[in-house]
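Below are the chains, spelled out letter by letter.
Protein chains: 2
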Amino acid sequence: MADFTVHILGCGSALPTTRHLASSQVVDLRDKLYMIDCGEGTQLQMRRMRIKFARLNHVFISHLHGDHCFGLPGLVSTLGMLGRNGELWIHGPAAVSEYVDSFLRLFCQGLPFTVRFNPVDASTYGLVMEDRSVSVYSIPLKHRIPCCGYLFVEKQKEPHIIREMVDFYQVPVRELQHIKQGADFVTPDGRVIPNSYLTRPAAPARKFAYCSDTAYFPKMVPYLEGVDLLYHEATFLECDAARARETAHSTARQAATIAKAAGVKKLVVGHYSARYEELAPLKQEADAVFPGTLLAFEGMKLSL
Amino acid sequence: MADFTVHILGCGSALPTTRHLASSQVVDLRDKLYMIDCGEGTQLQMRRMRIKFARLNHVFISHLHGDHCFGLPGLVSTLGMLGRNGELWIHGPAAVSEYVDSFLRLFCQGLPFTVRFNPVDASTYGLVMEDRSVSVYSIPLKHRIPCCGYLFVEKQKEPHIIREMVDFYQVPVRELQHIKQGADFVTPDGRVIPNSYLTRPAAPARKFAYCSDTAYFPKMVPYLEGVDLLYHEATFLECDAARARETAHSTARQAATIAKAAGVKKLVVGHYSARYEELAPLKQEADAVFPGTLLAFEGMKLSL
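Protein sequences, first through last, are from chains A and B.
This note's numbering applies: residue 4 is where the first sequence begins, and numbers increase by one.
This note's numbering applies: residue 4 is where the second sequence begins, and numbers increase by one.
It cannot be assumed that every hint is accurate.
Since copy identity is lost for identical chains, a pair holds within one copy or between any two.
[Stated by the list, open to error] List of simulated lysine to any residue pairs, SDA-like, C-alpha gap at most 25 angstroms:
(1) Lys158 to Ile54
(2) Lys304 to Thr20
(3) Lys304 to Arg22
(4) Lys145 to Cys111
(5) Lys183 to Pro197
(6) Lys145 to Gly83
(7) Lys183 to Gly302
(8) Lys222 to Ala283
(9) Lys145 to Leu114
(10) Lys263 to Leu107
(11) Lys222 to His181
No wet-lab data here; the hints were simulated from the structure.
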């Protein structure tokens with residue numbers, strides 16, 4: 004099965020610590036890279052994790068808070084110095100556009116490639132971008148400013164040809180593409196071989212959802228149903244639930260409650276508050292609701 | 004003698020590598036901190052080096068290139084989250100002001116302290132700022148955009164009282180402050196004791212100069228005469244001198260030539276091009292002109 008991997012570049016929150024970097028992830032799907040959020044230091048973390056700059060064409064920004072986008076100017080400048088010429092797309096709530104415009108104007112005169120901005124309506128679920136490998140949808144979140152998560156849905160692959168059956172019915176090579184697209188095969192003597200004899204359905208399309216930053220927000224659940232992997236922020240522990248409410252963040256327990264309600268296959272939490280030196284209590288709290296919750300860490304690779 | 008230390012936070016150049024961080028230094032003088040340049044990742048490097056955010060009141064930016072200022076928005080945001088309330092001064096060429104205004108507007112609404120911008124005329128030598136500990140002067144450099152270095156001159160301390168002489172002449176305590184300021188002492192019977200009998204001059208004021216980024220520019224030499232420590236960029240080796248000229252940077256040999264002409268006491272070079280995995284050849288080249296040249300590294304502390 005083609006690769007579908009999520010790389011965690013940073014999973015800290017607003018205050019920097021020596022333990023965690025600001026938010027950034029890279030989805031690696033069929034050899035193309037899609038970045039989600041780009042906190043300060045992201046380009047350096049890409050270098051450390053040996054993630055190739057050249058394969059990145061899309062950056063999705065959740066919201067206009069510094070710990071999710073202060074790495075963008077450096078990343079874009081570096082891509083320019085590396086001689087990139089293909090377009091780079093930045094997707095994000097409308098407010099992000101002003102930020103992008105301002106650093107392009109001040110720092111990126113003569114950039115050898117074009118940066119295109121795609122405004123995302125953070126208040127609704129909707130298609131943000133699609134290519135041959137993936138469709139990306141916005142997921143409305145609840146934060147202090149417009150903010151959305153992103154759902155990555157792998158494009159359904161064509162069914163597999165069953166080699167033995169194709170050989171048995173002597174299907175000519177020129178017919179194989181039609182059969183992959185669902186056609187039956189008609190033998191030279193007029194006999195119809197149903198498509199289902201000749202093909203095996205492809206593996207179901209895999210899904211990854213990123214939900215950060217957000218208060219506890221059960222309205223997102225329908226969009227998360229059946230995802231293979233959910234990254235949900237868990238900035239706080241329940242003992243700091245009041246602080247979570249004030250700042251429109253979630254507790255580990257709340258993240259797990261969302262994951263359970265949506266029936267996701269795997270949950271990974273991150274965006275840890277700087278106040279917690281130890282993360283085991285966050286895992287304990289989430290595990291009580293959603294057993295097997297994973298704690299994100301810098302350098303983590305999650306394969307779907 | 005009171006502390007005068009230069010901390011090297013980052014000494015790489017525009018392209019990030021896993022070996023070097025973007026430009027930033029902190030001058031620690033009499034327990035106050037003065038930052039020079041603030042590349043991406045500076046705030047995290049401060050944490051790693053345990054440099055106290057609260058003691059920082061002035062940031063000096065050399066020029067509006069990303070590797071010298073992309074860390075500013077994160078630093079200012081973090082100071083806000085830490086509850087700072089004293090003013091923060093940012094000094095730099097006029098163009099830096101637009102950058103500061105734009106990130107303050109987009110990211111720092113409700114900041115609990117005031118950021119003040121002081122425009123520096125990068126084309127001339129002049130006083131940029133002074134307080135009780137230091138005077139900071141701009142040094143004109145030659146780069147692709149307006150860019151200046153900074154000269155830190157410690158405030159001359161008062162002369163030392165010679166305890167034995169003061170006791171001998173029975174100088175009353177109330178006279179000591181006048182004597183420190185240069186007054187002679189007149190004994191009750193009218194005899195004049197010259198100031199020079201009673202005091203010993205303070206150690207000469209120490210000086211540190213930061214010159215980055217710049218092409219080879221001998222016009223800066225008069226401003227550097229007698230400095231205790233010069234940090235001069237040495238982006239390239241002589242074998243890449245053409246590239247140095249094109250990009251308005253210096254070679255290690257050129258940095259050493261400036262240091263020698265100015266008769267500085269110590270030279271430290273940095274702002275290394277990403278192309279050099281090994282720095283020994285840079286040192287070799289500089290040493291041939293200015294023996295004992297130091298290579299900057301992240302975490303280096305230089306005491307004057």
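Review point. From the Cα coordinates, with 25 angstroms as the cut-off, is the pair Lys145 and Leu114 best called within, between, both, or neither?
Key: between (35 angstroms within a copy, 23 angstroms between copies)
Practice item. State whether the alpha carbon distance between Lys183 and Pro197 is at most 25 angstroms within one copy, between copies, both, or neither. Key: within (12 angstroms within a copy, 105 angstroms between copies)
Review point. Can you tell me if Lys145 and Cys111 fall within 25 angstroms by alpha carbon in one copy, between copies, both or neither?
Key: Between copies only: 20 angstroms across chains, 33 angstroms inside a chain, cut-off 25 angstroms.
Review point. 25 angstroms Cα cut-off: does Lys304 pair with Thr20 within a copy, between copies, both or neither?
Key: Answer is both; intra-copy 21 angstroms and inter-copy 22 angstroms each pass.
Check your understanding: Using 25 angstroms as the alpha-carbon threshold, which applies to Lys183 and Gly302: within, between, both, or neither?
Key -> neither (38 angstroms within a copy, 60 angstroms between copies)
Exercise for review: At 25 angstroms max between alpha carbons, let me know whether Lys304 reaches Arg22 within a copy, between copies, both or neither.
Suggested key: both (18 angstroms within a copy, 23 angstroms between copies)
**Study point:** Up to 25 angstroms CA-CA - Leu107 versus Lys263, copy category
**Key:** neither (42 angstroms within a copy, 40 angstroms between copies)
Check your understanding: Using 25 angstroms as the alpha-carbon threshold, which applies to Lys158 and Ile54: within, between, both, or neither?
Key -> Within one copy only: 23 angstroms inside a chain, 49 angstroms across chains, cut-off 25 angstroms.
Check your understanding: Should Lys145 paired with Gly83 be assigned to within, between, both, or neither, using CA atoms and 25 angstroms as the limit?
Key -> between (35 angstroms within a copy, 23 angstroms between copies)
Check your understanding: How would you label the pair Lys222, His181 (within, between, both, or neither) given a Cα cut-off of 25 angstroms?
Key -> For Lys222 and His181, the Cα distance exceeds 25 angstroms both inside one copy (41 angstroms) and across copies (75 angstroms).
Exercise for review: If the cutoff is 25 angstroms on CA atoms, where do Lys222 and Ala283 land: within, between, both or neither? Let me know, please.
Suggested key: Answer is neither: 28 angstroms inside a copy and 59 angstroms across each miss the 25 angstroms cutoff.
When the structure is compared with the earlier hints, violations turn up for hints 7, 8, 10, 11 and for no others.
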